[in-house]
Each structure stands twice: as C-alpha cells, then as structure tokens.
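Undergrad: Given next are the chains, with one letter for each unit.
There are 8 protein chains.
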Amino acid sequence: MPFENIGFAELDHHRALRKGFPEVILGEGKTPEQVAAIAEKLLAQGDTLLVTRVGKDCLEALKKVAPRAVYHVEARAISVDRNKVKKPGVSVVCAGTADLPVAEEAAVTAEVMGSHVEKAYDVGVAGIHRLFDKLDALRVANAIVVVAGMEGALPSVVAGLVSAPVIAVPTSAGYGASFGGLAPLLTMLNACSPGVAVVNIDNGFGAGYLAAVINRLAARPTDAQKGQQPRGGSR
Amino acid sequence: MPFENIGFAELDHHRALRKGFPEVILGEGKTPEQVAAIAEKLLAQGDTLLVTRVGKDCLEALKKVAPRAVYHVEARAISVDRNKVKKPGVSVVCAGTADLPVAEEAAVTAEVMGSHVEKAYDVGVAGIHRLFDKLDALRVANAIVVVAGMEGALPSVVAGLVSAPVIAVPTSAGYGASFGGLAPLLTMLNACSPGVAVVNIDNGFGAGYLAAVINRLAARPTDAQKGQQPRGGSR
Amino acid sequence: MPFENIGFAELDHHRALRKGFPEVILGEGKTPEQVAAIAEKLLAQGDTLLVTRVGKDCLEALKKVAPRAVYHVEARAISVDRNKVKKPGVSVVCAGTADLPVAEEAAVTAEVMGSHVEKAYDVGVAGIHRLFDKLDALRVANAIVVVAGMEGALPSVVAGLVSAPVIAVPTSAGYGASFGGLAPLLTMLNACSPGVAVVNIDNGFGAGYLAAVINRLAARPTDAQKGQQPRGGSR
Amino acid sequence: MPFENIGFAELDHHRALRKGFPEVILGEGKTPEQVAAIAEKLLAQGDTLLVTRVGKDCLEALKKVAPRAVYHVEARAISVDRNKVKKPGVSVVCAGTADLPVAEEAAVTAEVMGSHVEKAYDVGVAGIHRLFDKLDALRVANAIVVVAGMEGALPSVVAGLVSAPVIAVPTSAGYGASFGGLAPLLTMLNACSPGVAVVNIDNGFGAGYLAAVINRLAARPTDAQKGQQPRGGSR
Amino acid sequence: MPFENIGFAELDHHRALRKGFPEVILGEGKTPEQVAAIAEKLLAQGDTLLVTRVGKDCLEALKKVAPRAVYHVEARAISVDRNKVKKPGVSVVCAGTADLPVAEEAAVTAEVMGSHVEKAYDVGVAGIHRLFDKLDALRVANAIVVVAGMEGALPSVVAGLVSAPVIAVPTSAGYGASFGGLAPLLTMLNACSPGVAVVNIDNGFGAGYLAAVINRLAARPTDAQKGQQPRGGSR
Amino acid sequence: MPFENIGFAELDHHRALRKGFPEVILGEGKTPEQVAAIAEKLLAQGDTLLVTRVGKDCLEALKKVAPRAVYHVEARAISVDRNKVKKPGVSVVCAGTADLPVAEEAAVTAEVMGSHVEKAYDVGVAGIHRLFDKLDALRVANAIVVVAGMEGALPSVVAGLVSAPVIAVPTSAGYGASFGGLAPLLTMLNACSPGVAVVNIDNGFGAGYLAAVINRLAARPTDAQKGQQPRGGSR
Amino acid sequence: MPFENIGFAELDHHRALRKGFPEVILGEGKTPEQVAAIAEKLLAQGDTLLVTRVGKDCLEALKKVAPRAVYHVEARAISVDRNKVKKPGVSVVCAGTADLPVAEEAAVTAEVMGSHVEKAYDVGVAGIHRLFDKLDALRVANAIVVVAGMEGALPSVVAGLVSAPVIAVPTSAGYGASFGGLAPLLTMLNACSPGVAVVNIDNGFGAGYLAAVINRLAARPTDAQKGQQPRGGSR
Amino acid sequence: MPFENIGFAELDHHRALRKGFPEVILGEGKTPEQVAAIAEKLLAQGDTLLVTRVGKDCLEALKKVAPRAVYHVEARAISVDRNKVKKPGVSVVCAGTADLPVAEEAAVTAEVMGSHVEKAYDVGVAGIHRLFDKLDALRVANAIVVVAGMEGALPSVVAGLVSAPVIAVPTSAGYGASFGGLAPLLTMLNACSPGVAVVNIDNGFGAGYLAAVINRLAARPTDAQKGQQPRGGSR
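Chains as they are written, first to last, in the working numbering: chain W, 1 to 235; chain F, 1 to 235; chain R, 1 to 235; chain P, 1 to 235; chain B, 1 to 235; chain S, 1 to 235; chain C, 1 to 235; chain D, 1 to 235.
Treat each hint with caution, since some may be false.
[Claimed, not checked] Below, computed lysine-lysine pairings styled on DSS-like, alpha-carbon distance capped at 30 angstroms:
| hint | chain 1 | residue 1 | chain 2 | residue 2 |
| --- | --- | --- | --- | --- |
| 1 | S | Lys87 | B | Lys87 |
| 2 | C | Lys119 | C | Lys84 |
| 3 | C | Lys87 | B | Lys41 |
Because the hints were derived from the structure by calculation, they are not lab data.
Make the full structure from the sequences, and use the hints.
TA: Have a look at this one:
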C-alpha cells in the first residue's frame, strides 16, 4: 500500500482507494508552506483537495501549486474541486448564527466530496415554526447534518420528523454551563429520537464527510432532485 | 422567631410566616417514627402536611397522628390537605414515562400548596406533534413545570411556545452519557429560549413548590378557569 | 407564524405574540452592522430593543437605526425603551462587587421588560448583617434575582427569608475550584431552601427576563409601590 | 398526525410514516403488563415489534398478545418479525467478549429492521491480525457498527480501512479510568479517521437502527451479496 | 523510630510522639479480628483508642481486648477513653439531620482527643435564625467544625460571624447535582469568608481531629469554661 | 452592626470586631481608584491594610491615601502594617519554585496579621531530604502552611512528621492532568495523615489568614521563639 | 498469525510469540465454564496460565482442565505456573492495607511471568520512616510497582529515592473526593519525580506485567540476588 | 545528602547518585537568568544538562555558562551533552504531525540520557499500514515511547505487536471533546494490550526519561545495534 514520506509527514496515497476520497489536510498547526507541500503531492494523484481550519493567509501559498484554490471565509476552509457534478441528497441544518462556521465547514466538505447541499440555517428550537417551514426539503434528503450549540436540542427534534440519518454536531457556541460544547454534546448523545449519531464538538468536517459518504451510497438521488422542483400539495 | 427542638430536629414553625407555606418533610433518611413525630408537631400549627421521598410503609406510622394522610404511589409522597379549594394555573409536562415519578412529585406538591394542576405526560420531542396537541392548555397556565430525562430538550421547546415561566426539572432517567442526569441538567441550563429556570436533578418537589408560589402571585386565575371550558377556534 | 429571512438570520417576529416580548439580540459574535440590521427590523415591529453582551463600539452603528439607543456600561447592554411606565416588584441582589456586571444585566433586562428594579448589592454572606438591612424591600418583591459567584451561598439564605420566587444566577467570578462558575452553580441547584430556581452561569439576561415575566403575572403591584414609601414598624 | 393515549403512554402511531419504522419499546422501567399493552397496540398497526433492555420474564406476558415473540438472551431484547426477507449490507464488529451484549442488541435491531447482519466479534486491537482476517466482509458492507469498551480504539482502526460509514458504540465494559464508558466515548468522538459517528454508551439499539437506515438507503445490495461468494485476488 | 509488623499492617507506635495522639484505626475494610489485633497492640502502648467507620458487630471482638470499649451508634465509631478530663473549646455545628452521622464522628473524635464538644445541630441556612440562637456558644469556641451536605453554605455563614477557625466538612447527603458531595465540597473551598479550611467529603474524623489539635494549642480555655456557665444578657 | 456604603461597595467595618481582623481587599477586578477609595475608609478605622491579587500599578494610587504602603512583588500584594510586633509560630513550606507566589501571599498575609513566618521553600518530595533538614523549625510551629502544585503530595508528608495543624494550599502550577490545580486539590483532600485541612487552589491568602488565626490562639509562643535560637541534639 | 475461534472468543495463540507471554484471561464477566474452556486451549500451547479478577468458585471448574491451578485469595487470581525458576528484581510497595488486593494482583502476575517479587506493604506517607526501612531492597530492584489509594503520594516519594522505573498503580481505596480512584490517578500522573509511569485504577495486573517485562530485559540480576544477602553499611 | 541553596531554589546535587541522572531544569516559569544560574551550578558537578519547555531566547543567557549548549526547536529544549556514546534501544513513535513537539521532547531527553533513538513519526491509526512498515525497528527496541493526541489509540495497537514496554504519552493536540488531552489520556489508561504505562499529558520529558532508564537496564544492546546495520530480507 503506497505512502510517501515528505519529511514532516507520511502521505497516505492509498487512502483514496480504501476510503473513496483522498486525505484531507487539517490546516491547524501547519505552516502555509507545509500545507502547500502536502497539497502539491496530493493533487498530483487526485482531482480534489480540502484544507480545513485554515486562515486566509494560507491561500497565497497554495495558489502557487493550485491556482484554482478557493477560500471559504465562513468555513475557514480551502478547496480545489475539479468535478462539478454534484449528487443531491445532503441537508445541513443549523440552530443559531453562532453555529454558522461549523455548518459551513460541513457544507463545504460535503460539496467537495460530490454532494449538493441544501441549507436551513438559524432554525433553533426557540422558534420551532422556522424549522417546520423547511421540512419538505429535509424529508427528501439522504443524510442530514444538524449543527447546534447551547442546549443542542435541534438534532432530536429533526430526527423525530424525518427518516434520513441525522449526523449531529455540537458546537462550542455558548457560555457558562456549556463548558466548551460539553452540554450540547451530551444532549445529542442522549437523543431520544432514533437515527442520530454524533461527531466531535465543532467537527463540521467529520459530519459533512459522513453525510457525503451516506449520500454516495444512496439509491434515491431522484427524490432529492425532485425536491428541487416545485412540490405538490399532498404533504 | 419561633422554632422547636424535638431532639433530632429543630422545627422551624416560623417558616409558614416567612415563606407562606410550612416546612416540608424530606422522608429520605428518616424513620417512620421520626416522620410521624415531626408531622404531629407541624400539624398542630397548620392545616397541611407534605412528606416527600417516602415509602408506603411510612403511611401507617403517620396515620396515628394524621388519620386522613394519603399516600401517592407514583410520587412517593404523603400528604394531608384539609383545604380543598385550588387555584388553576399550574401545568406539569413530562417527556417520557420514566420521568413520571418526578412529574407526579411536582404535581402533588403544587396541589398541596393550593394549585390545580393540568398534566401533559409522555410528549417528548421524538414525536413533537403530541406536544402541540396540548398547547392550548399550556398557553393559559401561570407556571409550567417541564420534566425530562435523557437529552432534556423539552423545556426549551415548550418555552419557545408559551409566555409563562417554565420550571425545568432534569431527571436521572437515561443511561450512559446521561451521567445520572447531568446531560439534561446542562441542556436545560443552556436553553436558548428565554423564560426557563432549572432545579436540581429529580427535584419534582422544588419545581412544584416554585410553580405554586408563582401561581399564588398571579393575577389571571380566570384565564386558566376559562381554559377548562370549551375553547373557540381563534387560537 | 411570521418570520423574516435577512440572509444571516431568521427573525422571529411572532415571538412577541407567543412570549409577550420581542426577540432579544445576543451581541456576542455579531458585527455592529449585523446587530444594527437585526435591530432595524425588530424596531420596525415593536417599541423596545435589547442587545446583550455587546461592546460600546456597537452603539455608533446602532444609533443610525435607533437614535435613542442607550449603552449600559456595567451591564454591557444596549437598550431602546420607549415605554417609561414600570411596574414595581423586582429586586436584584448581588453578593460581591465582582458579580456586579451580571446583576446589572439582569436589572437592565427587567427594566426594559417593564419592571421597576430595587437593587441590593455587595451583601454577601461574609457579612450577613448587610443583607438583613435590606430585608423589608425584599419581602415586598414579586420576584428576586440573586447573583453570586465564589461559593454562591446567597440565594439559599435569601430564599430562607422571603416568600417570593428566587431566581439564582451563578457567576464565573472566583478562581481555582470555582471552575468557571461550576461551584456556585452546583451550590444553587442544591439549595436547601425551597423557592429557588437557577439559570446558566453569568446569565443575568435570563434571570432578569424571568423575573419580569413573573412580575408581569403578579397581582400585588401595590405592595411593592407601598414598599417605596416609608414603612411602619410592625415588620 | 395520529397518536393514541393508553393512560400511561401516548403511542406515536404516526412514527412509521415519518421514520419508516414503528416505535420501539424501551423495556427498562416498564412492567411486563405495560410492555404487553403497548405491544398489542403497536402490532395492531404494524408487522414488527422490538422491545429492548428487557428481562426474559417479560416474554410470558408478551406471548399472550404476540405468540411468535422471540427472546434474544445476549441482546436482552424481544422481537416479533414477520418479514423474513433481509437486505445484506450491515456488519457488526466488537472488540471483546464483554462488549457482546451491546453488539447483539445492535445486530438484533438491524435484523428486525430488515438488514442481514455479518458479525465479527472479539477482534480488539490487542491482536489486530484477527481484524484483518475479517476485512473482506467489512469492505463490502454499507454500514458498520463497531462496539468497544475499555480504550475504544477499534472504530478508528476500522474506519481507516473501509469506505462505509462506521457507527461507533462505546460500552461500559471496563473499570477504573473507564468511568462507566466515558473513556471509549471520548476516544470515539476524537477518532482521527473520517467516517465515524458515535452513539450513547451501551446504545446498541441506536447503532443498529442507524445502520439499518443507512443500509435501506443504499444502492449496492448486490456487492454485499457477492460478498458472500468467493472473491478474487485483486484486493 | 519504632513500628511493629503484625503481618497485615505496620503499626506506627512512634506516631503518638510525632503527632501527640496515637494511630487511629479506620475500620472500613478490616475484619473484627484485624481491628481487635491492632487495637490490642495500640492499647499496650497508650491510654486511648479510636476506631472509625465500623459496624456494631465489631464491638464484641474488641471487648475481648478492651472491655471498656464503647460503641457510638450515630458516629459508627468505637472508643476507649481512660482520660476523663476534657478541655472546653470545640463546637460542632451541623446543617441538617442527614449530616448527623458525620457531625457525630467529628464530635466523638474530638472528645477522645481531649476536648469537650458543644453541639449545634439542624441549624441550616433555610432557617438561619436557628443558627443565631447558638452564636454565644460559637463565639467562645477555639475551633468550630461545621458539617453540611446539599449546598454546603453553612461554613461561610458561620465563618462570617466568628473569629475561631472553621473546619468545614462537606457531606454526601443530597441527591442529583450534589454528585456525591462534590457540590458542598466546592462551595466550602470557595467560601468568601476568611478563616475556613476544608476536609474530605464525610470526613468527620479529620475535622474533629484538627479541631482538637487546635484546641490543644489554644491559650483561652477559660473563655470556653465560662461559656459553660450562665451567660449574661449583654451579648 | 456598622457598615458603610461607598457606592460600589458595602464596607463591613464591624468585621474587625467579629473576626479580629479588618476586611481584606481582593484587588482582582477592581480599579486602582476603587482600591484606594476602599483602603482610605478601612485605614480610617484600623491600623493595617492588605490588598491581594493586585499589580504594582495600583501602588501609586494607594500611596496617596497610605504613603507607607508596601508592594510585595512575588506575592502580588500591598500591605500597610503599623504594628511591628510579630508572634512567632507560623511556618510556610513550599514544594517548587513555581509555587512561590502563592507561598509568598500566605506569608505576607500571616505577617500582616501579626505572625512571624519561618519559610522552607523548594523542598518537594522529589528530593525529600531537603524537607528533613527543615524539620526542627517545623516541629515548633503552631500552624504550618504547605503549598504545592503538580501532584501536591507535600502536605501529607509534612503532616505525618509534625503535630501542628497543616493548612494545605494546592496551586495551579503544573500542566496537563493537573487540570488547573484539580490534581493537587484532590490529593490534599484525600491526605492519609490526620491534621490536614485544605483551602482553594492558589488561595495563599486564605491559608496565611487561617494560620495566623491559629497562631493567635496558641499558648506556646515561647517554643517558637526558642526555635529561633540554636537547638540541642536531643531531637 | 495463528488464532483460534472457540465460539465466544478468538484466542490469540500468536501472542506468546509477539509479546513473550501468552494471553491472560480476565475472569470478570465470564462463567467458570468459559474460563475453563479458554484455559484448556491456552494450556495446550503453553506452560503457564493466569486468570485475574475471578472468584474462588471458578477454581473447581478450572481444576478439571488444570489440576495444579492455585487460587490466590487476596489477589483474586488463579495461576498455573510450571516454571519455578524466578529472576529477582521486582519490588511491590503498597501504601495501606486497603490497597493490598491490588498489590497482590501485581505480585502474583509478576511471579507467574518469571520474576521473584520483594514486598514492602503498609508503608504509606503518614509514617514515612517505615518506607526508609525498606530502601535497601528497593534500591537493588530493576522495576518497582507502587500501589496507593487515597492521596496516592507514595510513588512520587519512592521515585525520588531510587533509580529503577516506578510503575504507579492508583487504587479505588478511599472515599468522598477520591472519586473512585481519580484522586490518586491524577496525583501519580503529575508526579514531580521523574521515572514514574501510571496504569489504570486498580490495575495490579498491568503493573505486575510491565514490571516483569522490564525485569526480563534487565542485565543486572546479580545485583538483586546480592540484595538478598547481607548488605554492607556504605548505603 | 548534599543540596545547595541558591536563593530561589534548593539544588539537589545528590540526585545523580540516587537516580543516575542529575536534576533537569523545567524552564517554564523561570527567567533566562534563573535558568543560567541553576545550569551553572549543575554543570559544575556533572557532564550533561537538560532544560525543557524553554524558548530560544533562553539560549543566549545559557551560552555564557555553557558555550556548547544546543537549542532543539521542535522539542523546545536546550541540552549540553558531552558524552557522545549512545546505547541503541529506544524508539519514539508518534501519531500525527501535531504531536511532533512532544515526541521530540521525548527523543531529546532520551538522547541526553545516553540512548540512541529511532523515530517513526506520523503513523497514526487512520492509515495503519504506515505503522506496519516500521515494525522491524520497533521489535528490537528495549523501550518504546508512543505519542498520540486526538483519540490516542496508537499505544494500544503498538503494544499489541511488540514485547518491549510501551510508555504512552497523551498530547493536548486535538479540539472539542479532547478536553485538553483528557481523551487520549483515558484511552491510554484503559489500553487493552498489556505492557503499557502512561505519563502526564504532553510530558515528553517523562516518557523519554523512563525509556532511557529502562534501556540503561537492558541486557540486549546488540539486537538494536544490529538494527542500525543494513537488515536482510528475512524479516
């Protein structure tokens, strides 16, 4: 199984075969030069690139090896994505505006991995009628990422209303007894609605990745495609 | 300020004056004889009695000093209640059947303190339409106790829909990452809906007490009374 | 039920109907421009505005859409309040000078929501006679907010002396085994005096809101009004 | 949306429509009579039944309303399952013999929900060659449940080797610094391999449910069927 | 420095010289025979004996080697105490009846170590006037042990009123967010009144020991002795 | 009982009567002007002043009302101390150089309160012979403050060797699993040597205060005075 | 690499090659029949057997397949050990009598793995001179297991005095703020003496195993053998 | 036993005798001047010096007393090492690039203490084939340091494959539910593979020290020396 030593890292080129998607670069703690060096090697063997948790200053270094790299401000991510065909089927839902960066990280990740993403933001349980307005789109999704900080109740509520798998992402948005995201993490792990699984606090990448993996598996793209057309009144 | 030493306890007879309701006996850790001895002293100075967290075996000892004492099986409480006029205005809502004992402790407490209690049980967020069916009753309440274990999301959802104060009670119903009720406790403390305050895990008594205190203060008893009559369609 | 999408947020205009008070803006994590944009929309439909956890730099942006906006330095809040009639009945008590910002956030919130607030500051249990001096005012309140950091013992003591509901607010003031406010939070949740409910650490807003809601419900405004006149000796 | 009040519970008959599978009965904390009463109502409207966390003594009561009910000893579950066609595609992997009950709960749940389950038990990282022997089966799965107590490292390792979504279940098997399953829970939430999501400690049901939901969505049943035939050497 | 090996223990006979009091036997986890064997050795070299956390069944075994051993039911301790002269100066205060066993362990320990103990029990902050009634006795003490469970606020209040050192003992009496005594432990560590130090949860022995050590050091026995005589009205 | 309102604080002038020492100013979170205002009032009624957790910039403001104020760099404290007679009897022991600021805060506090302090610094258990060298001084102390971070083992060891009360102070010096001082805090609370009580993490003030209170009570000043002269060989 | 499926377990026969010692059976959670079945298979391929955390009732079932099996009461372990030659060099030190079962588990494990074990029990820091008496034996060891509950200070002290690696084992012996062994665990992880590593709470097996592995590596068996002969005075 | 007081520290010159290696300077919290002063004293009595957790700015001060001092950038350490003969036998393995500084601290420490270190970096379990490529080197080591953040699974996997003792170092690399390294710490303490012991979070020094101590003890240097020569194909 192939991998490549570039001094400070062992690149796992075999990952695309095993996992169906190449290695993703966690930008945090790496210099722009290190990111660019890894990116160059990965792009030599694949079509797409994703760097997460990275400042905009990294874009310049990356442009030298990947001129078409794009910086996503909210998501704090950089992507190169040469494949423009996206399969519908992933929804990203988020409770409050403070959870937006994590939701965007999830959305960018799923997009880069080949899914078209529907978004429903700022629909937390304090005004639950805002969520009900989005239900039609949620009910045709193959995988739903639900991002929430503070009390983190939204994934339970969503999972009670849909049949698709819900990937819950607790965020560190909050204060006091949120304890850095521990509160919504525990909430989501104890969800009384079946069909919920949880990723790490603020891990938008992990949730978007998993949603895209599930969507890739799914047999019903047409449902979601229809979901983008006007819907009838029978619901 | 009067109090009475009966050997193993200092009875605080002045409490009815300060607090508007006499001392309540926490049954846990007391013998039936101790409970009966305290009860006798308290009933000599007041009309009502409440013993919480007590087994049915305590009833017999208590009957000797309070023949009309009643045992509430679900609530694990004993009450003597000579005042039958109850002011409407308190609702007790509960998420799952496992939370029922705590909800009943809240209901019995509020009843003994002079409030009529409306109940909405087993209406957790996994099937949130069950809650919406009860909204009319909740919207006329002066104080709402919401009891939930597991992820404890219900108080946030309820508080997003009503104007009355919500007293949230986390319960130890759950397992694993519930950590004995820590999960719903944190959820409720981080509620994104304003108008929620929280009491200790499994503290149905504290919540029912506070709801009754608020209801006693409230100026709109007639709303709630009307709430018990057929309602029109404008809501 | 109406709500309005302004790009980065879904404004819940229906909230004033459901909750009796319009949405409050949590300033933390929003730019002055975002705060001003939301404020403009909310003020188009209501008389009052409250922005919490906000620096003074936000005031300038807000002045453009709300010229009469006021910045409260201690509370770190901005308010617009066109309704000057306030119902007496809310007291805010605070243990130490370090708890003052949270107490002021509670007071400003309750004021904006239509309550007149009596304050008793720096009356912690290390010198409990200072509290006893304020008891007359506390005993005529309809709702009492008690703010304390460090060991957080004050709400228990207050609740043992009055009949009104006590909304306890733990603060992160302290060090070491305070663990960011965990210590007073647990203290307050375990209060042995009945009639105490707790909100999140440093959540002055939530406590002030709940106190105002309870005061709005209450039938005894005149007691508190009398409370502002000279009181006789019978107490 | 239909639901039915049977005194101590509000049955959510609409759930099968919303979620694609009827309500599951959590046996813990319910009497055999309560379980049987709920089961009778649910079976009147559906073909299958699942009761989890239930002792064998409950079977007798259930036999009266569901003569073909089966008790699964390891899983501590009861099922009625009239639909014998199962779609291949779910694998359940478990680290040690102490994790077996949770793994079996996952397997029974997925089976009742229509998935055929391949099992790979006792393949923990202390002897990782045992896992490699099972890789062919894992690589054709649509969803993989990985159950582990103690240090909970297995899901990371599995997810590094396959492309299917991994549902990780921490168990309370362990002692000391396992802290009731907290250790493997944190391990799994911090998994460095993408494609892992986590459910509550000991929540075999939740993991099996989610795996079956994903498998139901999946387009590649034939892969897994082929997986049961001899495979060539190209892997 | 002398010590003696008796097979399962190394007896530290030198301790009486170093510490001014011989080794105390922690009964928990030892058989009656082991306790008796150690007791016999210790009594061979000293006048007093204390066994803590021990059932009454141990008394019989101990009577064989120490016929005058006494069992203290509430304190769950056994003592042999040949020295009847006690120096006044230690007070033991306790908040609720559930804290009584820990308070009694403290009192028995201090008595065996040569101090006369004044007791003020069931004087928790829910009815703080009960404490004020005991203040005269507390103000002449050289060391005060304050025992409290639940929110554990009493030591702060006491220390705000007296000049003697306060040894605070949190107890595990409580439920829910008491977390086995963690709540009062944190409360006491964060006490805002100076002059408070804390021992382990339920460690009545440690507190009584320390109070007796301080009292032994103290120069003002006469104050406390006068404290046992009728006091005038000027306080 | 007298107290004085100066706008932002209620000064407790009665404290010197109740506690034997005037109020101490916690500098943290107060402006130099606030500190100076409080200091002026306190000095008007007493001879000494102590301000803790304060930067040197505060000294200038304080000099205007208290020209003889002294800044203690290591302790981060300011004192005014007109009474130069100090009673011997307090020792302050500290484990490592990182614990020095906390040890110095304890020493300055005890000095201001009238005790002469012997110091034994950098004598942690990694080289325990350094402690044994100081034992003579420790054995004549009336009260010993032991300050330690990291594993916090020193108080147990010291308390096993002396008869005086040991006031243990955990510090936040350390990293990783120290968790901000939680590790040494728990260590000290679980000390197997009797005679140890614990104050909050980094609370040098509280420990020095308590040591001085105990020393003030003590009858054996002469021992400690002798302790400053050459000692014979009999130990 | 060989392994054997016996239905409920995958036996890792290759482990003896990889690790130098065959698989050890964790008795907890296995029936006597399961233990015996695994034992029979393991003994068919090796000379020794170790079963930990097992009751004496398991011995009978084991005797059928391993007639020379021995039950170790304190250690709660069963061993078969056909190789009687033991290499000196392992010491097991334990703080209190309550830690004895864990210490014995370590000792039995190291013995079965071929090391001769020197024991120093009940030498906790409350009477540290008892430890100094054992120093000669400790200084010739190749690996030292130090077992302690409560505050867990002993490993730091030992590691400050010797050059051999110290394997620290926290135990759950203690109460209150021990939190099931968390206190000594944190103590040991923060040890200020270099040369300490820690295993799980109560994990005597893990410590004994590691000590034996280190001793097996060591070049100085003769030192330890000499250690059993009279030593000169130069130490 | 010799030690030297230099004002702010008690230097433990005897440590080299007791422990076989002189005191190491923890740079954190010391000024460059303090570090240089201590270093000068230590170098006066020994050949080597190690300063950990130190910035490069300290090097200049140190050069004055130790001109040949070297700064290790990744490890944030300074060393003086006059003894160039190194015994092979220590391996340092690390999971991700973010763990590199801790791994380097371990490597530098072991080198200064006389061991030659083989390194295997960036071989985490997400691509476990990278680890297998390094197995030959690991199997001839006498002691292996394994450094990992996030889920910390690597030590278990390594210990399942080798016979040498594994010293596991959790790092604070990670986010969210890593809780500053708590997650990998618990993972490693619960390792199911025998032969693992754990040091504090980020404590590369402690692990490198222990590995060098074990390697110094070991009898098989030649294996590892052979490991530095070209290896044949038979492995």
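Undergrad: Evaluate each hint against the coordinates.
TA: These are the hints, each one checked on the structure:
For the hint pairing S:Lys87 with B:Lys87, the CA-to-CA distance comes to about 24 angstroms; that is within 30 angstroms, so the pair holds. Only pairs whose Cα atoms come within 30 angstroms are accepted, and C:Lys119 paired with C:Lys84 is accepted, the gap being roughly 19 angstroms. Between C:Lys87 and B:Lys41 the CA atoms are separated by roughly 37 angstroms; this puts the pair beyond 30 angstroms, and the hint is violated.
Checked against the numbered hints above, the structure violates only hint 3.
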